[in-house]
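Asks: So the sequences go chain by chain: W and H.
To convert, note that position 249 of the first sequence is 249 in our numbering; the numbers rise steadily by one, no gaps.
To convert, note that position 68 of the second sequence is 68 in our numbering; the numbers rise steadily by one, no gaps.
Hint data in this document are derived by calculation from the structure and do not stem from the laboratory.
As a list, the in silico DMTMM-like pairs of lysine to aspartate or glutamate whose alpha-carbon atoms are at most 20 Å apart:
| id | chain 1 | residue 1 | chain 2 | residue 2 |
| --- | --- | --- | --- | --- |
| 1 | W | Lys389 | H | Glu29 |
| 2 | W | Lys269 | W | Glu359 |
| 3 | W | Lys206 | W | Asp355 |
| 4 | W | Lys269 | W | Glu370 |
| 5 | W | Lys389 | H | Glu22 |
| 6 | W | Lys90 | W | Glu110 |
| 7 | H | Lys131 | H | Glu84 |
| 8 | W | Lys269 | W | Asp362 |
| 9 | H | Lys54 | W | Glu387 |
If you're wondering where the values come from, they're calculated on a predicted model, not measured in any experiment.
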Amino acid sequence: MIYADNAATTKPSQKVIEAMVACLSEDYGNPSSVYTLGQRAAELLQNARERVAKNLGCDPSEITFTSGGSEADNQAIRTAAFLGAQKGKKHLISTPFEHHAVLHTLNKLEREGFEVTYLDVHENGLVTAEQVAQAIRPDTALVSIMFANNEIGTIQPVGEIGAVCREKGVLFHCDSVQAIGHVPVNVYDLKIDFLALSAHKFHGPKGVGVLYTKKGIRLQNLIEGGAQERGKRAGTENVPGIVGMAVAMDDAIANLDKQATYVAPLRDKLIDGLSKIPHSILNGDRTQRLPGNVNFCFEGIEGESLLLLLDNEGICASSGSACTSGSLDPSHVLLSIGRPPEIAHGSLRLTISEDTTHEEVDTLIKAVTEAVEYLRSISPVWRNLQEGKQDFIIQ
Amino acid sequence: MALYSETVMDHFRHPRNVGIIENPDGVGEVGNPICGDIMKIYLKIENDVIVDAKFETFGCGSAIASSSMATELIKGRPVSEAMELTNKAVAEALGGLPAHKLHCSVLAEEGIRSALLDYHKRYNLPYDEEKFALLHHDEEDFSDEA
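Bound conformation, chain W alone:
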């Protein structure tokens, strides 16, 4: 099997599994309990908090453990909207290609009377700090822009955006789920006020994440109950998950250079190989992208059938076609960078990791090339394109 869907989730490392098993089998106490077993769990929790904070460049008190990236995104945006509304600020700035955890929260706020400006992400999938600066108004409560896009992997100029927001006194939330463990992130340097991350994107467990909230911002609860997480996130802490996340994060951050020196060149090899397929196009900026992300559109075919063929070859990949999204529309990300629907249906995302080998990349190139060729051979659209009855969209 070749696992090339690391943006969907990653394989937990052996170290993570061992730390979690130890936590489940021995250190199973409730961190709120006074006896030794409970306090041992509280120590593990505090230790994990300190390590996560160190990795992000913030104070442990600024870390809130959540059930994952989606919850963190929801809580950050809800908090900023609540605080903004108190001062009569009901304008939000974001992009049309955020993760649905952000977009659907914004949509809900729009129905509640907020106004949202969605910045153009251009054909290369990038926004600029100038766009943000121009969009900020006196009543802007929040700028919410993702660090790196989950489908096309483009990396936004987060530091510049953070600087603009800080200068103008507007809160900045950065959904960094895809970035953490793949590129360096320091919330202090980048002037980020809220940051969401998820452990299973960097070889940690599922169901656990972090919301970083800059000191001084009064976080609003999504979940009411006990006094866990300084009273800001009720519910007994997912201690094994949090411990596993801290182990995974330490490893990922310690090995960041491998992302740049090994994964990125491997990605470029994959991009070069797939670019040789006629009438194909890379989605997202070629250089401002995550080390492991490759996303292509192939004209004349549909993505789900491509995924099934690749699955036949033991390859795990992903697509932005409607058929894989469960809706009738293809990926909102591909539409936002101007890909027409008929092209967006024929997209393929391959996300590799430090575990991916050169041999696997060779196999991926060969398998994708053959699958695309086959699907084109049975496609009436491809026949029309070949016979000149309709024009190619991708040259």
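Starting from the known structure of chain W, arrange chain H on it as the hints suggest.
Replies: For chain H alone, kept in the frame of chain W given last:
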């Protein structure tokens, strides 16, 4: 649980009747690339019997499998019988389709129907227009999902 039944995967992996027919007696094209599905059906008809059927499909796994199965179901059949092919029959023969994929079987039925209409028109054969009305189908009764 697998996304598709074994029959669907078999027809997807090894589609029957894929290709085109030179000098066909009927051709039908249905679907829309913007929605991500296009089916083109070719028929060879002799003495009112479908002696050959071929297809080309741009679409997902179930669209390809539905085209394959639909052409299998009408090959060797009289035109009158092919006219009666329903999306339900296609979906059932495939061992069921997930609820959100039933439109693929509808597309297959419409593709066959459209090719048959083309056949009638090419040869100036009388036909009942009502039989070619692309009806809305009840897509709920034969889903393999509860």
